[in-house]
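*Asks:* One letter stands for each residue in the lines below.
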Amino acid sequence: MHNVTAALALLSLAGCATVAPERRAILADPVMQFDADGRHEATLQHAIENREGSMGGTGVQGGGCGCN
Amino acid sequence: MRVQLRPVGALVAAALGATGLAAAGPARAQQVVTLDTSQTVFYEAPTKTHMMVYTPSADAQASPWSWLDVRGGWEADVVSGASVATKAGAAYGATHGADVVSTASVHDFRNVGHGEVELKGATTSLTGGYSYGTENDYRSQSLHVSARTDAYQHNTQFELAYARNFDQVCDRVQDTALANQPTLWTALENSTGCFSSDPTRTRHDLGVDTYEASWAQSWTPVVQTQLTYTAQLLDGFQSDPYRSVIIGEGVKAQEHVPGERAREALTARLAYYLRAIKGAVRLSLRAYHDTWAIDSGTAELEVEKSVGESVRLMLRGRLYRQTGAIFWSDDYASGAPPLGPKGQYFTGDRELSPFWSYLGGLRGVWTVIPSARRLVGLFTGFKLVASASMQGFSYDEYTLAGVPIQNAWAYVATVSAEVGF
Numbered sequence: 340m341h342n343v344t345a346a347l348a349l350l351s352l353a354g355c356a357t358v359a360p361e362r363r364a365i366l367a368d369p370v371m372q373f374d375a376d377g378r379h380e381a382t383l384q385h386a387i388e389n390r391e392g393s394m395g396g397t398g399v400q401g402g403g404c405g406c407n
Numbered sequence: 079m080r081v082q083l084r085p086v087g088a089l090v091a092a093a094l095g096a097t098g099l100a101a102a103g104p105a106r107a108q109q110v111v112t113l114d115t116s117q118t119v120f121y122e123a124p125t126k127t128h129m130m131v132y133t134p135s136a137d138a139q140a141s142p143w144s145w146l147d148v149r150g151g152w153e154a155d156v157v158s159g160a161s162v163a164t165k166a167g168a169a170y171g172a173t174h175g176a177d178v179v180s181t182a183s184v185h186d187f188r189n190v191g192h193g194e195v196e197l198k199g200a201t202t203s204l205t206g207g208y209s210y211g212t213e214n215d216y217r218s219q220s221l222h223v224s225a226r227t228d229a230y231q232h233n234t235q236f237e238l239a240y241a242r243n244f245d246q247v248c249d250r251v252q253d254t255a256l257a258n259q260p261t262l263w264t265a266l267e268n269s270t271g272c273f274s275s276d277p278t279r280t281r282h283d284l285g286v287d288t289y290e291a292s293w294a295q296s297w298t299p300v301v302q303t304q305l306t307y308t309a310q311l312l313d314g315f316q317s318d319p320y321r322s323v324i325i326g327e328g329v330k331a332q333e334h335v336p337g338e339r340a341r342e343a344l345t346a347r348l349a350y351y352l353r354a355i356k357g358a359v360r361l362s363l364r365a366y367h368d369t370w371a372i373d374s375g376t377a378e379l380e381v382e383k384s385v386g387e388s389v390r391l392m393l394r395g396r397l398y399r400q401t402g403a404i405f406w407s408d409d410y411a412s413g414a415p416p417l418g419p420k421g422q423y424f425t426g427d428r429e430l431s432p433f434w435s436y437l438g439g440l441r442g443v444w445t446v447i448p449s450a451r452r453l454v455g456l457f458t459g460f461k462l463v464a465s466a467s468m469q470g471f472s473y474d475e476y477t478l479a480g481v482p483i484q485n486a487w488a489y490v491a492t493v494s495a496e497v498g499f
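These protein sequences, in sequence, are chains A and B.
Note that the working numbering has the first sequence beginning at 340, numbered continuously upward.
Note that the working numbering has the second sequence beginning at 79, numbered continuously upward.
Hints were generated in silico from the structure; no laboratory data involved.
Remember, predicted model here, so these are calculated numbers, not experimental data.
Any given hint could be a false lead.
[Claimed, not checked] Stretches of chain A that chain B covers, calculated by requiring three or more beta carbons in the stretch to come under 8 Å of a beta carbon on chain B:
| hint | stretch |
| --- | --- |
| 1 | 363 to 374 |
| 2 | 377 to 384 |
| 3 | 389 to 397 |
For each residue, glycine too, the CB sits at the ideal point set by N, CA and C.
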């Protein structure tokens, strides 16, 4: 219950933190994007996840194993 | 053999209307079709094994109307090398010699085709897609859907995603008298006859449900964050059917792991723009836990800088640590703890053992977006990306009959190109 309350409190802060559209130029720069080159990065993530026991945080699409 | 999630950062970016080309230039000609191709080479050669994987891919996106994107593509893995076929540990190797560990040649060809449709509104989007993958010994079908919405003047984004995999793994038919005795099962010797009427082959189902919720937030003109929670439920065959494990004096059996696994991960990412270098620092932290008792932590730091109008350069460092699965042992046949039997399951999978990994890499991006005329009268934009990474592994306990893994370095290089019409 405390976790849910904390999450809701954090989410409510989001509304207080708006950046005006005219001040978003840097935020729109590709260097500020987490996935600006995501398609390119996909194969590296594929290789990494094949050799580690973990997953998550990068999307949910399936597509076979390829993990010999 | 285990299921592998496919990251779709690029598709998510596309879902934002922000493919690399689209994001790069404010003044561009109307872009209706985007073509993308990439070539990746992966290589590693630790003790006794080696693996080379060549991965070509091609993707296309059409945007006939502002509210609709249609995407499709193909990817392949051409695999050749050698992997561990029979795993034994230190204590057994001390009395029987390192030769009890055997390797086998691996040659495979994975093909994956995928398609996706996205409906876009002013602040929301809905995406649905399907992919089908084949290998000599594996079949995969996957459906995925996602919904995304923006709030607070696009400063906040929420996304929910779900994927369902219907996979099948080839295996050899075991003697019916041994149906409940996995310690007497024999490993699959090769993929010949898989997914045919061959009476010596069978197939096991593997269902995978993956759920993801993501919240991205712009906090200031130079700071944004993303929080992502991923959960995954696997139900079915998750062993490597080719791998045998020495589990007793002169006794080897096909690897046997639980049929159920629940996994979850929480990832927090931060991007901070540094005006002094005209670049950004991106930090990513991930905590992971699953019901096989693997816990892991990942820290990744990227520094990316713009050079002129069209070039970006990035350096990356990554550190990863995981504990071993509760049933993992380097030697099930003998030895004092941490060696010895670990219940009813046994595996030779080094990815289920405790280890560190560390990665360093760099990437360069060259983007050309003409402000008025098309490039060579045809393209609305062009993007070239090249990257190289090397990843090292340090295994706490994993050995090949007592021989520690040396030269555990993996090298990955990718070149991709994207053009818009």
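*Asks:* Now tell me if each hint is right for this structure.
*Replies:* Each hint tested on the structure:
1. For the stretch 363 to 374 of chain A, the stated coverage by chain B is satisfied: 12 residues place a CB nearer than 8 Å to a CB of that chain, which reaches the threshold of 3.
2. Chain B is given as covering the stretch 377 to 384 of chain A, and this holds because 8 residues of the stretch bring a CB closer than 8 Å to a CB of that chain, at least three being needed.
3. Coverage of a stretch by a chain is defined here by at least three residues with a beta carbon nearer than 8 Å to that chain's beta carbons; for the stretch 389 to 397 of chain A and chain B the count is 9, and the condition holds.
The structure agrees with every numbered hint stated previously.
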